[in-house]
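Please build the complex by placing chain X on the supplied structure of chain W, with the hints as guidance.
Protein chains: 2
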Amino acid sequence: MAHLIDGRLLAAKLQQDLTTKAHNLKIKLGRDLCLAVILVGNDPASQIYVSKKTQKASEMGISSRPHILPETTSQAELNALINTLNKDITIDGILLQLPLPVYLDRLESISQIAPQKDIDGLHPINQGLLFQGRPTLAPCTPQGCIQLIKSCCDDLTGAHAVVVGTSVLVGRPLVPMLSALGATVTLANSKTRHLATITSQADILISATGRAGLITADHVKPGAIVIDVGITRHNGKLTGDVDFEAVKTKASFITPVPGGVGPMTIMNLMANVIKTAESN
Amino acid sequence: MAHLIDGRLLAAKLQQDLTTKAHNLKIKLGRDLCLAVILVGNDPASQIYVSKKTQKASEMGISSRPHILPETTSQAELNALINTLNKDITIDGILLQLPLPVYLDRLESISQIAPQKDIDGLHPINQGLLFQGRPTLAPCTPQGCIQLIKSCCDDLTGAHAVVVGTSVLVGRPLVPMLSALGATVTLANSKTRHLATITSQADILISATGRAGLITADHVKPGAIVIDVGITRHNGKLTGDVDFEAVKTKASFITPVPGGVGPMTIMNLMANVIKTAESN
Numbered sequence: 205m206a207h208l209i210d211g212r213l214l215a216a217k218l219q220q221d222l223t224t225k226a227h228n229l230k231i232k233l234g235r236d237l238c239l240a241v242i243l244v245g246n247d248p249a250s251q252i253y254v255s256k257k258t259q260k261a262s263e264m265g266i267s268s269r270p271h272i273l274p275e276t277t278s279q280a281e282l283n284a285l286i287n288t289l290n291k292d293i294t295i296d297g298i299l300l301q302l303p304l305p306v307y308l309d310r311l312e313s314i315s316q317i318a319p320q321k322d323i324d325g326l327h328p329i330n331q332g333l334l335f336q337g338r339p340t341l342a343p344c345t346p347q348g349c350i351q352l353i354k355s356c357c358d359d360l361t362g363a364h365a366v367v368v369g370t371s372v373l374v375g376r377p378l379v380p381m382l383s384a385l386g387a388t389v390t391l392a393n394s395k396t397r398h399l400a401t402i403t404s405q406a407d408i409l410i411s412a413t414g415r416a417g418l419i420t421a422d423h424v425k426p427g428a429i430v431i432d433v434g435i436t437r438h439n440g441k442l443t444g445d446v447d448f449e450a451v452k453t454k455a456s457f458i459t460p461v462p463g464g465v466g467p468m469t470i471m472n473l474m475a476n477v478i479k480t481a482e483s484n
Numbered sequence: 205m206a207h208l209i210d211g212r213l214l215a216a217k218l219q220q221d222l223t224t225k226a227h228n229l230k231i232k233l234g235r236d237l238c239l240a241v242i243l244v245g246n247d248p249a250s251q252i253y254v255s256k257k258t259q260k261a262s263e264m265g266i267s268s269r270p271h272i273l274p275e276t277t278s279q280a281e282l283n284a285l286i287n288t289l290n291k292d293i294t295i296d297g298i299l300l301q302l303p304l305p306v307y308l309d310r311l312e313s314i315s316q317i318a319p320q321k322d323i324d325g326l327h328p329i330n331q332g333l334l335f336q337g338r339p340t341l342a343p344c345t346p347q348g349c350i351q352l353i354k355s356c357c358d359d360l361t362g363a364h365a366v367v368v369g370t371s372v373l374v375g376r377p378l379v380p381m382l383s384a385l386g387a388t389v390t391l392a393n394s395k396t397r398h399l400a401t402i403t404s405q406a407d408i409l410i411s412a413t414g415r416a417g418l419i420t421a422d423h424v425k426p427g428a429i430v431i432d433v434g435i436t437r438h439n440g441k442l443t444g445d446v447d448f449e450a451v452k453t454k455a456s457f458i459t460p461v462p463g464g465v466g467p468m469t470i471m472n473l474m475a476n477v478i479k480t481a482e483s484n
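Chains W and X, in that order, give the protein sequences.
Sequential numbering of the first sequence, starting at 205, is according to the numbering used here.
Sequential numbering of the second sequence, starting at 205, is according to the numbering used here.
Hints listed in this document are in silico derivations from the structure and should not be mistaken for laboratory results.
Glycine residues also receive a C-beta, built at the ideal position from the N, C-alpha and C atoms.
Just so you know, nobody snuck in bad clues.
Just some of the chain W residues that point at chain X, by a computed CB distance under 10 angstroms:
#1 H327
#2 A384
#3 L399
Excised from the complex, chain W in its bound form:
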């Protein structure tokens, strides 16, 4: 039976350290650390995410400035707001809540954010630096995945990690991050043939597809570490990519959904705000 990787517990520990750091930094800078959050439109899930983030910031003594824009906001208006925030020296980090309404260009919008305030780590220059193994602001969810893996495995050298899902937010950034730690990394996608044959070779399996129940016991090597990034609402209940009940009997370590990767993502967002404030 697999050990549970408790993302809430790990995030709580991280929160303690980061809160102290934020507090000291606030004294040093003589002002509040501040996170600007941009939300365009009325997506209910996004509203919940934004409120979770600002609430967590507040708990940690970090102030936030939400900008809630109507669904009619043009690309030019969005860019103009980002530009104002880029220049505002009292703002440490800028978070553009995704997804954007379809008529706005996500990558174009992200590229407007000053790289040194890009706490989501999605600006092409930050992703390029990550790709090259250089210091940068890394995306929050992959950072959380790495911390969860490291909490149960000291050394990834030579381990085979399989990442399912190729998003710019999670799957792709994990490749250079895991490779830099010495792992062999396989990036699988929705077209992958014989997925179970590929994933069942993984010492570390990370699924980030949002397809509930995609990863069954047949997809998992006995003793593997399984990190479930997927999160979908299924029959009114939050479900991951992994068939938890079946897989937990086979894996050595597994993250639950909820309570696995989620809390780590928010905490790494706070870590990135502190990092940007430190370099100011």
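Structure of chain X alone, referenced to chain W:
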């Protein structure tokens, strides 16, 4: 017995098209297309590479401006030269010949090149755009690898590609490039355990390590496409990563060394010069 993938032939075809393109562009712009080449120090292999590149440019009606700097050049001096070339509107592309002398910082130096003149596709912002699947200047060798693969395989959807070697120049960029074409991609490194087990699952195997003879017949799945990027001088003879004689009996397609990837790399450099000139 494998079919030979003739890089020289493919490069020659590409050269014809690109020469016409360069010629038309020259008329349109009313000036020569121009490639600036920077070489620091006296590395004999680098001198040969630089002269091959300028010679190929000349054949195609593209002029070049070599800057040969002494081994004593400081980082500040190198940066200053790059900056001058960035601002020179008669220069379309800047090539910084690698490797640099060890006392210079390669990634720092590359970051000085204006992204729109970075014909090697190594600037972090270009690598980030590539990583995100957006239009950019892609590195030349991986571009060549993709063209060689496509010359013998129309559709990579669902194919398993294994890349051995994690360099920023070849191995890493191949991951998003192959993944964007629908392939499952595995990135192996020098610490990979059971390398032969991993590589022998590859429908497409690309080796870019510079370790002569690393890939034996045991590493190759029958019918695989094998692309050999490695090039080392071995007993006075150029050798790839792949044991060509043994592997050619097992693969369906294979590149020779020399005459495989090499000619395609130079040709993609010219393609990138033309691309930068076009967007001027």
